[in-house]
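**Student:** Protein chains in written order, with the numbering used here: chain A, 1 to 259; chain B, 1 to 259.
In short, the hints are calculated from the structure, not lab data.
Be aware that one or more of the hints could be misleading.
Facing chain A, according to a computed beta carbon distance under 7 Å, are these residues of chain B, among others [claimed, not checked]: (1) W100; (2) A106; (3) I164; (4) D170; (5) P174; (6) H240; (7) G249; (8) G252.
Quick caveat: nothing in here was measured; it's all calculated off a predicted structure.
For each residue, glycine too, the CB sits at the ideal point set by N, CA and C.
Listed below, chain by chain, are the residues.
Number of protein chains: 2
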Amino acid sequence: MKTLIVHAHPEPKSLNSSLKDLAVSTLEAAGHEVRVSDLYAMNWNPVVNAADYGSAASSPLHVAADSGRAFETGTLTEDVRAEQEKLLWADTIIFQFPLWWYTMPAILKGWVDRVFTYRFAYGVGEHNDTQYGERYGEGTLAGKKALLSVTVGGPEAHYAARGINGPIDDLLFPFQHGILYYPGVEVLPPFVVYSTDRITVEDYPDVAKAWENRLLTLNSTDPIPFRRQNFGDYEIPSLHLKDGLEPAGRTGFGLHLHR
Amino acid sequence: MKTLIVHAHPEPKSLNSSLKDLAVSTLEAAGHEVRVSDLYAMNWNPVVNAADYGSAASSPLHVAADSGRAFETGTLTEDVRAEQEKLLWADTIIFQFPLWWYTMPAILKGWVDRVFTYRFAYGVGEHNDTQYGERYGEGTLAGKKALLSVTVGGPEAHYAARGINGPIDDLLFPFQHGILYYPGVEVLPPFVVYSTDRITVEDYPDVAKAWENRLLTLNSTDPIPFRRQNFGDYEIPSLHLKDGLEPAGRTGFGLHLHR
Numbered sequence: 001m002k003t004l005i006v007h008a009h010p011e012p013k014s015l016n017s018s019l020k021d022l023a024v025s026t027l028e029a030a031g032h033e034v035r036v037s038d039l040y041a042m043n044w045n046p047v048v049n050a051a052d053y054g055s056a057a058s059s060p061l062h063v064a065a066d067s068g069r070a071f072e073t074g075t076l077t078e079d080v081r082a083e084q085e086k087l088l089w090a091d092t093i094i095f096q097f098p099l100w101w102y103t104m105p106a107i108l109k110g111w112v113d114r115v116f117t118y119r120f121a122y123g124v125g126e127h128n129d130t131q132y133g134e135r136y137g138e139g140t141l142a143g144k145k146a147l148l149s150v151t152v153g154g155p156e157a158h159y160a161a162r163g164i165n166g167p168i169d170d171l172l173f174p175f176q177h178g179i180l181y182y183p184g185v186e187v188l189p190p191f192v193v194y195s196t197d198r199i200t201v202e203d204y205p206d207v208a209k210a211w212e213n214r215l216l217t218l219n220s221t222d223p224i225p226f227r228r229q230n231f232g233d234y235e236i237p238s239l240h241l242k243d244g245l246e247p248a249g250r251t252g253f254g255l256h257l258h259r
Numbered sequence: 001m002k003t004l005i006v007h008a009h010p011e012p013k014s015l016n017s018s019l020k021d022l023a024v025s026t027l028e029a030a031g032h033e034v035r036v037s038d039l040y041a042m043n044w045n046p047v048v049n050a051a052d053y054g055s056a057a058s059s060p061l062h063v064a065a066d067s068g069r070a071f072e073t074g075t076l077t078e079d080v081r082a083e084q085e086k087l088l089w090a091d092t093i094i095f096q097f098p099l100w101w102y103t104m105p106a107i108l109k110g111w112v113d114r115v116f117t118y119r120f121a122y123g124v125g126e127h128n129d130t131q132y133g134e135r136y137g138e139g140t141l142a143g144k145k146a147l148l149s150v151t152v153g154g155p156e157a158h159y160a161a162r163g164i165n166g167p168i169d170d171l172l173f174p175f176q177h178g179i180l181y182y183p184g185v186e187v188l189p190p191f192v193v194y195s196t197d198r199i200t201v202e203d204y205p206d207v208a209k210a211w212e213n214r215l216l217t218l219n220s221t222d223p224i225p226f227r228r229q230n231f232g233d234y235e236i237p238s239l240h241l242k243d244g245l246e247p248a249g250r251t252g253f254g255l256h257l258h259r
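From just these sequences and the hints, can you work out the full model?
**Tutor:** The structure is reproduced here in structure tokens:
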């Protein structure tokens, strides 16, 4: 197994960094190859701008088109090309981050914004009567798996089906489905640690044990059953889910799971 | 009316920047005061780190606690304090941004991450048997209104109730409810322009007219009816929505609207 860990926390002694370190040691001890993109340690630039695209940048700037031309002509910046190369190398991608304001930290969002360029992560594949590009289950990263490892300050109850923050699966849907499944990555159920505002040194061994168990069973874990776009479940080109496919009462993001 | 516009697009000649400029001119012509935080023009730093908290930063860093102590002792960086001051000054906040990978650009997420510190935007109010802090309808920014003005590359159908990307209201929920309503801001329905990948100069006057209409009717527009946390709809401290309050069949994020 070749695993890329994308890590986004400013403090090397944090719970997040401990979980990242544990992933490295656990996977390496199991004989896997591991590479780490530690975004804070790399001083990762999270801001998309014309400098990303070199001579492919137009004036005025068109982010999608220019990023695609830069990808195709090899004029993306070295830092972005290195991350794309790591993604192509990996068969498994782990994202380790704290949930800040119900989504990922800015430094990680900016990794997505800059690395997931047009023609690499989107704008891939033909559009015709039976397919709308290669997206949602197909694409450049098809065949790979990903897993979000997330720390959450508040208690699990607040992220339950009736919890005030909204269900955790819905909060993570734009990342898991919109960012990862879109270019073809199968997404395993997330590893979420709650109540980290109150976690103590005494609590850590149980968290570590649970994380090790997840890491050592990645290959036998079923992915989230997102529906593939181009295989009959959706009208083309509206990309509406066809009537009657979902279990009774299913609405919202949950429509896009096939069971 | 005192309006703060937080703008997040790298190209001054973009649709986003045009809509921002139109908001400034329209509101000023109507006699309102307007301030703009143009994050790209300001070269806004979106990355939370220890330098934000000055002498209040602990080692190891604790983002929540340290940001709260820095807020209370006045040791937050000047750029963050300036944004907090603008938020306290404004009665209306407009966010102008493109939807990138189903959420805001990293530079805007990093404005939230750095400006919405502990004790300013969260960690406010008492916890007891009848309230769980001042959150979701109460808090530092109570009495203010906000509006998201969002450009979306893809077509509206893909963001409909059965659309593959998920409903736009659900994609915006973590921002509108989790970030804005949390510290007390009432959120007006978003202004969303779709299919901007294909928009032409000929299309712009209709978009501009629709945006002007929204800007000139802000005061008569009803906010999204999010449920207040501490007024009987939720169990405390689980913050589960009490059984039976929602319309039949309502699930997910939609539970947290009272109609």
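**Student:** Compare the structure with the hints numbered earlier in the document and write down the numbers of the violated ones, lowest to highest.
**Tutor:** none
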